[in-house]
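Residue strings, one per chain:
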Amino acid sequence: MTNEIERALALDWWAEQRAQVEEDLRKRLPDLLLQAREAVAAMPMSAFVRRSKFHTEVILPMATEWVEAEHARLSAAIGDTLLDIFGANAGSHNWSTTDYAEVGLAAAFSAAPLAALPFVGGLVVTASTGFFATSASIAVVPALAVGGGLVALGYGGQVRGWTIERLRERYRVKVEADLTLLVLGDAARPQEPSLKGTIFAELDGILSTKLEEPPQ
Amino acid sequence: MIGPIPFQIPTEFLAQYGAGELVRYGAILKSAETGRIVAHLQQTGVLDQVLGVVSNFDPTGITGLIGVVQNAQMSSKLSALQSAVGGLETLQLASLASSVAGIGVTAASTALILLRLRGIEGQVSGLSDQIEALSGEIKLQSIHKVFSDIAGAIERIELAERRSDADQTVQSAEDRLHYSFRELSDITGRVLLQDKVDAALARSLLAGLSVCSAAQVKSLYWLNELEAAEIQARRHYRRIEELSYKVTLDQMQPRLAHLDNSDAVALGLLRDVSEVRARLAAVPSLSGHLRGMECHGRAYLSQLEEQREAPLLVLAA
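Top line first, the protein sequences correspond to chains A and B. Numbered according to the UniProt record's numbering, the first sequence spans residues 1 to 216. Numbered according to the UniProt record's numbering, the second sequence spans residues 1 to 317.
There could be a bad hint or two in this list.
[Claimed, not checked] Some chain A residues near chain B, calculated using beta-carbon distances under 10 Å:
# : residue
1 : 6
2 : 189
3 : 192
4 : 211
[As the list claims (entries may be wrong)] Computed far set for chain A versus chain B, every beta-carbon distance over 10 Å:
# : residue
5 : 9
6 : 45
7 : 174
Simulated from the structure, these hints should not be mistaken for lab results. Ideal Cβ placement from N, Cα and C applies to all residues, glycine included.
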């Protein structure tokens, strides 16, 4: 346990970093959503028949790349402030800048936690609420609708085009909602993994390490 | 050095501060290089007087000195302060003094503490409709009762020196402040966890906590119970620290989403929590330092209140 001033400074840092992460991700998420929107807009009609394949081959790699890049960027930014804030105080306690770099940062910002995210962890995730699982499960519906029902009923190409646009729109909305959830999480369900939650957990880990220091 | 407690006029420290060698954290000056505590800042009777006489001074500190500086009387007083400690820093210190945190541990006179408390209570009264709308067991009456208890205790401290049983009077007031702080921190925690947080009420309660803590620590200093003051201040800090975990931006934004300017309000609330945290965090350190120097708590208070030249004194760590 450090003294109260050290604790208060650490809490200031922690609160500031959480606020910064929140703000950064909210600002930058629209870039990812725009990429996804463009991909869905360019989605060929054939992809509606096997939408899970499209999802796996186009949307997931895009999301993975974005999340990994954001994680690396935010980790580096946090690392810089950590050294600024705690490194300057090295003379007043037994944590040196090197200690923070070796113990705090290395432990906190490994890429390992990202593997726990439903999409970044690859295609082995089986959670029914995950991005991959929910998106794949609805893939069958449009295939039936487009390939079977409406066409079999004898409606013409115009109607089929209109239907596809509706399905495309529905898919886009679903993809955007899922991406938003994966990046920012759900305040009502904080246990669901997200990029923000992952970074917050890392920040919590650093704060705990600091607060558990022996008193000077 | 001034009087029995080795206070100093902060000229030298302000020069170092200006050169960037020192940084201020709440009421503490720290070495920019090592982070070591170099000195404790304390406002004196002069600054108390300036803040106390201004008619539109906001005792809660919620609005800071905006508007106050436009007041002619305050402007002339601030000019005097500027010449005493120099430049923009004075304004920053005056802002801090009028904030929810205040400068230093106990320097504000009992009268000013009471003035602040009444201002806060007045603001809470103005929020009666919002409080009645709160869910659960938070009731206007219970909030008023806590503020009334704190005010009663501070009034007792103010009159103590004129009573033959001064020590017992302050002891009893300190006891009451102890329970009031607990009650108020519980209420504050519950208000902050509401689905729809009333920001004005939350900020008033935080200001109330700061004032209550200052009054209790002051009473313990008055009784020369510096070790108890250190322990109690540590508890106060821990309580605010617990609250801090619930008041991050990401947690507050959904609870303030009913407001048009929710982001700005959330940031303001975070800033208040941080200021109160910084103020409370400094008290155990100062109390321990005074004990180490074998200073008498009451002499410490008297010297600050009786100071009529310098608005700010510094106690080297």
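Structure-based check of all given hints:
1. 6: holds, 8 Å
2. 189: violated, 13 Å
3. 192: violated, 15 Å
4. 211: holds, 9 Å
5. 9: violated, 7 Å
6. 45: holds, 40 Å
7. 174: holds, 23 Å
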